[in-house]
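Assemble the whole structure, with the sequences as input and the hints as a guide.
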Amino acid sequence: MPKCTIDGKEIEVPTGTTVIRAAEELGVRIPRFCWHPDLTVDGNCRMCQVEVEKVPKLQIACNTQVTEGMVVHTRSPRAAEAQRTTLEFLLVNHPIDCPVCDQAGECYLQDQYMGHGLYGSKVELEDKVRKRKVVDLGPIMLDAERCVLCSRCLRFEREVTGTNLLEFVNRGDHTQISTFENGPITHEYAGNLADVCPVGALLSHDFRFKMRVWFLKEHESVCPGCSTGCNVSVDERDGEVQRLRPRRNVDVNKSWMCDPGRALYKQIGVTGRVSGARVRGAASWEGVSVAAALDRVASALKEKGAASVFLASPQGTNEDVFAFKALAQAVGGKLDFRVGDPQKKVGERIDHVLQRADRNPNTQGCLDQGVGRDGVDAILAACRAGAVEALVLQGPEILRVPEAVDAIAKVPFVAVMATHEGPELDRATVVLPAALWAEAEGTFTNFQRRVQRLKAAVPAPGDAQPRWELAAGVLVRLAQPLGAATAREVFALVAKATPDYASLDYRAIGSQGQALPSAEAAAPAQEARA
Amino acid sequence: MAARVVTVDRNQKASVLPILEGFGVTLKIFFDSLFRRRTSTIEFPEQKRNVSSRYRGIHVLTEREDGTPKCVACYMCATACPAECIYIEAGERPEKTIEKYPTRFEIDLLRCVYCGFCVDACPEEAIIMSRENDLVGTTRAELIIDRDRLMARSKLVEHGPGYRPADHDVRRPVRIAALERLKAEHGIVPGMPKKPAR
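Residue numbers (my numbering), protein chains in the order written: chain A, 94 to 623; chain B, 37 to 234.
Hint data in this document are derived by calculation from the structure and do not stem from the laboratory.
Ideal Cβ placement from N, Cα and C applies to all residues, glycine included.
Take these hints with a grain of salt, some might be off.
Derived contacts from chain B toward chain A, CB cut-off under 7 Å, selection only [what the hints assert, rightly or not]: (1) 104; (2) 106; (3) 110; (4) 111; (5) 124; (6) 126; (7) 132; (8) 135; (9) 223.
Here are the computed lysine to any residue pairs in the SDA-like style, where the Cα-Cα straight-line distance is at most 25 Å [stated by the list, open to error]: (10) 106/B <-> 302/A; (11) 132/B <-> 261/A; (12) 397/A <-> 570/A.
In structure tokens, the structure reads:
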């Protein structure tokens with residue numbers, strides 16, 4: 094464990110740690126382009142040069158290992174001069190088109206020009222080497238003029254996806270990145286190329302010209318796309334989600350996320366959302382207040398008692414599932430969640446990077462809470478036999494299963510909590526408006542049994558409420574209140590009632606989540622590629 | 037119209053004379069305006085006062101030679117705007133050299149405080165102000181002016197251009213302050229260095 098001093102601050106790090114990582118830990122930001130915490134060291138940009146005492150030449154912080162007693166100066170006159178000159182060199186052929194560049198605001202060139210550059214340009218705009226602009230690579234737009242040739246995208250392609258779609262072409266100051274014959278990026282992790290690009294050379298096609306990034310507010314959350322549970326930040330402006338970005342979590346998704354997950358922000362907008370409760374009237378739907386709809390559900394459940402069935406949803410948070418389970422126990426009906434057998438796929442990969450076959454974020458949480466109890470097949474059989482008189486659904490999944498249609502048609506009362514409109518909702522008697530993952534507080538448990546928090550980023554549309562609140566509303570009407578008014582209080586109940594969760598505290602879960610002991614040793618979400 | 041400055045000695049004894057003097061002034065102006073048409077009022081709205089060429093009136097979006105907006109939808113004006121009255125939606129421009137232009141550009145003139153920060157912030161001289169200052173409408177909606185109305189050049193012809201970055205930096209307090217700070221703190225004067233004479 095060598096000890097070193099960086100800018101006057103002492104730190105002890107494991108052997109083999111590089112100076113830039115030690116500095117990160119200390120909160121000293123060394124300027125960089127090519128170094129990325131989750132990619133191999135390349136050392137080509139020379140931006141991170143620092144002065145190390147007793148070493149005659151400046152060293153690059155990204156590829157210099159900390160040794161015992163090392164004294165590093167990152168902002169000494171020599172280091173600052175080297176950083177400034179390097180930046181000037183990198184910017185020689187930069188087109189300076191910040192006004193039309195989507196990277197503006199989160200651009201390393203801009204940040205480092207303001208932090209370490211601040212020189213007047215010596216190159217006339219007309220003398221700069223012109224390269225290709227506005228090259229459409231499918232999900233990514235390439236602007237070769239803005240590129241600083243840091244090779245982060247090349248290394249991402251090589252090390253993470255293994256696709257090697259990008260390569261340098263030409264030589265000298267005509268070097269640029271390119272795909273083979275300008276073909277599109279075909280893998281499902283293209284969005285990460287825009288994220289790793291420190292400048293505006295690779296930009297997201299979806300986010301193109303949509304919003305200037307400094308207007309966005311970010312909220313920590315978890316991707317609900319599959320059981321991997323990638324950490325994301327939800328970027329929103331005025332209650333409208335503009336994009337999802339991966340949030341670094343070394344134990345889950347590193348710095349990456351898949352494109353299908355990235356596209357999930359599109360489900361949040363208000364079009365096609367269920368924004369109010371409704372009940373089936375004599376002839377058609379009647380819009381009612383949520384309270385009236387909950388009254389209706391409560392009276393139906395009181396009447397039918399044990400002849401009712403509850404189907405939880407692995408799309409719901411642990412809090413949702415807990416409140417729903419409490420409701421099922423209060424009424425005394427059957428309970429399950431395994432529509433389409435997600436529990437069999439929870440750990441199963443569908444590629445070698447992040448995605449998993451189980452497209453629900455909280456299957457593991459449902460399993461941990463013991464919601465899988467009576468079996469979906471048995472429940473459907475009971476429905477067909479006419480033994481079920483009330484069916485309460487936490488999500489509309491079962492309504493979409495073709496084989497279940499006849500069984501559900503036999504049930505006289507079907508209440509469903511739904512986020513989006515769809516033809517399947519016509520099979521219900523009562524529709525309750527539910528908030529989506531980005532609109533509610535809560536926790537998901539991913540396939541590794543890591544409990545991760547999501548925070549509400551935007552308000553829910555109309556009367557929509559978190560599913561646990563809807564369940565709690567019914568419980569109040571059944572005179573058996575849940576005894577919790579916030580997601581945090583519900584989580585305290587979850588922790589008390591669920592084995593292994595007892596050690597967890599809602600606030601202590603923090604931004605990186607907390608791992609629970611797992612039957613199989615916690616496998617890293619991303620396969621290391623040799 | 038410049039006002040005449042009169043010094044009054046407050047210590048003089050009160051008498052009828054100053055009152056009569058005052059009446060005299062009133063009568064003089066009365067007869068001047070009645071017979072010699074020397075009035076200090078104007079016949080608004082047929083007649084309009086001459087306002088300064090730095091007047092901050094209703095905005096104008098300038099255009100390129102081909103009639104498209106100069107604006108590249110960089111959102112600098114919307115960012116600088118303290119009243120948050122500028123709404124922009126960006127779109128793809130057919131020519132690849134410029135890439136971006138505003139498909140929607142709206143200013144809520146009822147929210148606008150006419151500070152001119154948008155003009156200061158603009159890197160393209162795409163938004164300037166005119167000297168037009170009579171803002172009349174029967175609904176709120178018609179005072180939210182869109183891109184096409186902002187680009188109407190006739191306003192400039194009629195009223196003349198107002199606040200704009202014409203005479204380099206003289207009228208741009210935000211930019212001057214930034215440049216002065218840059219020079220004082222870092223010793224930097226941005227821009228191309230002078231080429232040595234051959």
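Here's how the hints hold up against the structure:
1. 104: 14 Å, violated
2. 106: Hint on residue 106/B: violated, closest Cβ of chain A at ~11 Å, above 7 Å.
3. 110: 3 Å, holds
4. 111: 4 Å, holds
5. 124: 9 Å, violated
6. 126: With a closest approach of 4 Å, the residue 126/B hint holds.
7. 132: 5 Å, holds
8. 135: 5 Å, holds
9. 223: It is violated, given that the least Cβ distance between residue 223/B and chain A is near 9 Å, above 7 Å.
10. 106/B <-> 302/A: Holds - the C-alpha atoms of residue 302/A and residue 106/B are around 17 Å apart, at most 25 Å.
11. 132/B <-> 261/A: Holds. Residue 132/B to residue 261/A sits at ~23 Å (cutoff 25 Å).
12. 397/A <-> 570/A: Answer holds: residue 397/A to residue 570/A is near 15 Å, not above 25 Å.
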